[in-house]
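**Q** Sequence:
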Amino acid sequence: MAQVGHVSPEAAGRASRAQAVIAALNARGVTLGIAESLTGGILCDAFVSVPGTSAVLRGSVTAYAPDAKSRVLGVDSALLDEHGTVHPEVARQMARGACEIFEADYAVATTGVAGPGPSDGHPAGTVYLAAIGPRVTATRYLLLSGPRAAVRTAAVEAGLALLGEVLRD
Numbered sequence: 001m002a003q004v005g006h007v008s009p010e011a012a013g014r015a016s017r018a019q020a021v022i023a024a025l026n027a028r029g030v031t032l033g034i035a036e037s038l039t040g041g042i043l044c045d046a047f048v049s050v051p052g053t054s055a056v057l058r059g060s061v062t063a064y065a066p067d068a069k070s071r072v073l074g075v076d077s078a079l080l081d082e083h084g085t086v087h088p089e090v091a092r093q094m095a096r097g098a099c100e101i102f103e104a105d106y107a108v109a110t111t112g113v114a115g116p117g118p119s120d121g122h123p124a125g126t127v128y129l130a131a132i133g134p135r136v137t138a139t140r141y142l143l144l145s146g147p148r149a150a151v152r153t154a155a156v157e158a159g160l161a162l163l164g165e166v167l168r169d
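Numbering (full-length UniProt numbering), first residue to last: 1 to 169.
Just so you know, these hints were derived from the structure itself, not from any lab. Hints may contain errors.
Claimed, not checked - The calculated label-pair distances, taken between Cβ atoms and stated as ranges, are:
(1) Ala161 / Val48: 12 to 20 Å
(2) Ala27 / Ser119: 34 to 42 Å
(3) Ala78 / Ala55: 34 to 42 Å
(4) Pro116 / Asp76: 26 to 34 Å
These numbers come from a predicted model, not from an experiment. By construction, the Cβ of each residue, glycine as well, lies at the ideal position given by its N, Cα and C atoms.
Could you build the full structure based on these sequences and the hints that come with them?
**A** So, in structure tokens, the structure goes:
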């Protein structure tokens, strides 16, 4: 039996931002790859919730463990050994890896500490994002507060915004 409900303003806004990114990718005739860690697939979900995503989305990978980031996405293991998984260069290499494995023109990546506590010397809410395209690479550092779910949701919102900025450049 179907349940009756409503879409939250946050979900509607996220869908609208994802739809704008999808439209921009479509207009350029380019594709997208996604690499996630702390967001655990919800960034990809923001995209696949939008009709027409299949025209641009090549694929997504959630690489949570350090060795998965290295083996699947090609993140330098020496970088991971030296800095851990919460680092701007890790986010950049994750995005590059998503471009490579999915043969995508653009990619966005998330890594960080969702919480509730610190990890590897980083407080909960520490997030690094990267978005890359053929001519531009952008990273963003966030220090968010709130419960784990709120940190993850805010990271998705910021990832959508960063990718939108890269598409405008």
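**Q** Now, for every hint given, state plainly whether the structure supports it.
**A** Results of checking the hints against the structure:
no.: 1; hint: Ala161 / Val48: 12 to 20 Å; in the structure: holds, 19 Å
no.: 2; hint: Ala27 / Ser119: 34 to 42 Å; in the structure: holds, 39 Å
no.: 3; hint: Ala78 / Ala55: 34 to 42 Å; in the structure: holds, 38 Å
no.: 4; hint: Pro116 / Asp76: 26 to 34 Å; in the structure: holds, 29 Å
Checked against the numbered hints above, the structure breaks none of them.
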